[in-house]
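Trainee: Taking the hints into account, I'd like the entire structure generated from these sequences.
Chains A and B, in that order, give the protein sequences.
Once you know that position 42 of the first sequence is 42 in this note's numbering, the rest is easy, because the numbers rise by one and skip nothing.
Adding 1000 to a residue's 1-based position in the second sequence gives its number in this note's numbering.
Where hints are given, some of them may not hold.
[To be verified] For each label pair, taking beta carbons as the anchor points, the in silico distance ranges come out as:
no., chain 1, residue 1, chain 2, residue 2, range
1, A, 268, B, 1005, 55 to 61 Å
2, B, 1175, A, 333, 54 to 60 Å
3, A, 328, B, 1165, 53 to 59 Å
Hint data in this document are derived by calculation from the structure and do not stem from the laboratory.
Keep in mind that this is a model prediction, so the values were computed, not measured.
For each residue, glycine too, the CB sits at the ideal point set by N, CA and C.
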Amino acid sequence: MMFRCLSISAVLLACQPESVITAVGLSDEVATVVVVDVELEGGEHWLEYGVTQQLGLSTPNWTETGAHSIPLLGLPQATDVYIRLMRDNEGRVEEGPLSVVRTGTLPAWVPFVETTGELPDGFVLLSALGGPTTSILIVNQDGQVVWYRSLDEDVVVTDAQFAIAPPERDFEVLSLVSDQDYTVDISAILRFNSRGEMVASVDTPMAHHSFTQGPGEDLSWIAADVREIDGIGPVVGDQIVRFNGVEAIPVRSTWDLYGPPDAEELALYEDYLEIGEDWTHANHLVWDEDRGHYLLSLRNKHDVFALSKSGTVEMVVGDAHGWNFEPSTSVMHEQHAPVWAGEDTMLLLNQESRGTRVVELELDSESHTAEATWSYGLDDGAKMYVLGNVARIPSGETLVNWGSRGVVQWLDEGKSLQWTLESELGHFFASARWVADLYGRE
Amino acid sequence: MDENDFPARRWLPEHHEWLTRQLADGPGLLCLDWDETCAAGDIGEALIRSLDENGEVWASYTSKLESGDVLEAFVDAAAVLSGMDVVEAAAHCRTCVDEAIRVGDVAVRPEIQDLIRAAEACSWEVWVVSASVQPVVAAFASLYGLASNRVIGMNLAQEQGRYLAYLEGPNSYRQGKVDAIEQFIGRQPDLAIGDAMTDLEMLSFSKKALVIGPSSSELRRIAHSMGWPIQPVFESI
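Mentor: Right under this line is the structure:
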């Protein structure tokens, strides 16, 4: 196959040496990922592709010569995909012939999702549970599943994230899997590449709910920390554990943050764990690289801790720690998924008498005042008890995952609802993460 | 709408052109039979085989078909889900679809996937009206981008979230397909597509119709007399 040199119209020139597409096929694991094998000679190369002959999508550039296998990402199922190899040869753009391949049909186990409204751009990574199959999905603006991976029947997936440091020009997904109630310790963080292959696994003993990428290239997670109390029996606290690539290091336990509970306190909490009395109930952990600290959310204590890499307490936000919430209806209660969304702005899901709300808190650490500058809930005011998360997109939009409700929403900068995704068959989403580009481009 | 939106693939050129014109003239209501129309093979029968451990249901089903008790056979086929929790049944149906595709009992028809996508792009409302049991057709139809609430099928009664062994609402067989369209959609289809005499009433009720196959010489004769395009079957499995 020869390139057509665009700089000389209506004349086909052989541009030597040639770069060619040698094979086009589908990933063995993901029917919506097209894999294009190319043999590249000199110049800067990329693939243009799309579901019409007008193409419209493109891969990052390749300058390396030789054989490469390039994934085409972000495509829906059962659709013809048109592909063209492009080369910038010293300022002259050349295009190869058009190839076409049809993406495969999704497996029937993939949860069916429907969307209303418009997501401006990007993709959403969802960890789906609660229905027939535990899985990880990536959907596009139209709610079309463009990537998927099922997980073993005996695990739940409580968090999935795009890898902060994937291989160049590709994406990878990290997911935390565990058993339902910590009785069978099969917790692990699994790493999948864009072709759906599991490329790494880190054992995370007793991990649950949430993990985070950081500090640096480390991984950290929440793990149950079960200790005996005389006269009560085993009690389930939590600890942050950091994995530095070699070993897992305990960072800080909630047993060090609070005095041991008594029976009166434990009676306040729901008794659902077989391994002991539920106590601090950590439900979210995130490492903030800019601030250099973890945010750890403890549901039953209604507290959010900021902890350094070594576990030193930098701040604790909560009614019991002298914070004044304005208005008082927004007092932090059984909160979930706190993240920083500005200099002193924290975004979280809060359980209020009027239902579960997304709350934006403006924190004044000197006066210990937390002012709710924005609050938003579903129209029916229902409470969402299981998982879920909220994220502020750098451009100002907000992604809200209503956990056990099986609803994900996108609100624009003005906090107006733009896009809603819903699932069926009892599926819901433990986590929802947005990314602008699956190839990791800015 | 151009070739990109609705590729010709294995459609006869005149039928591809005819369908393209119908869609472009929309929006409208498109009603599709499922087994042997949207997909090759019969997913309802695959479901029986997946749940019928000793072969009794299959034997009864085929016996009734042979003796002409078709509706009764379809009701028996639907009842294989009786006793199952609704979500458990949905999960099984999805597994059944994946397995039936894997072993070649059924096959996706890309022509129909494209047709549905093109119709929806032209603001058509697309429904499936099948005589197979609803959850397994819904599981299969999701592979064509259709939501479960756009699939009419044999609808088993439920009690406390579990399927019972009898139908609720209109049976979606022959005239029952028309009754179901009137009840659940509430208007006459602009276009209907089917493959068998069991679709005849729906095809006749529709403003326009196209036949795939068809599976019987009688339907072929009727299609000719009605001027319905007859698309040769895409493939047999």
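Trainee: Look at each hint and say if it fits the structure.
Mentor: We went through each hint and held it up to the structure:
no.: 1; hint: A/268 <-> B/1005: 55 to 61 Å; in the structure: holds (60 Å)
no.: 2; hint: B/1175 <-> A/333: 54 to 60 Å; in the structure: holds (58 Å)
no.: 3; hint: A/328 <-> B/1165: 53 to 59 Å; in the structure: holds (56 Å)
The structure is consistent with each of the numbered hints, conforming to all of them.
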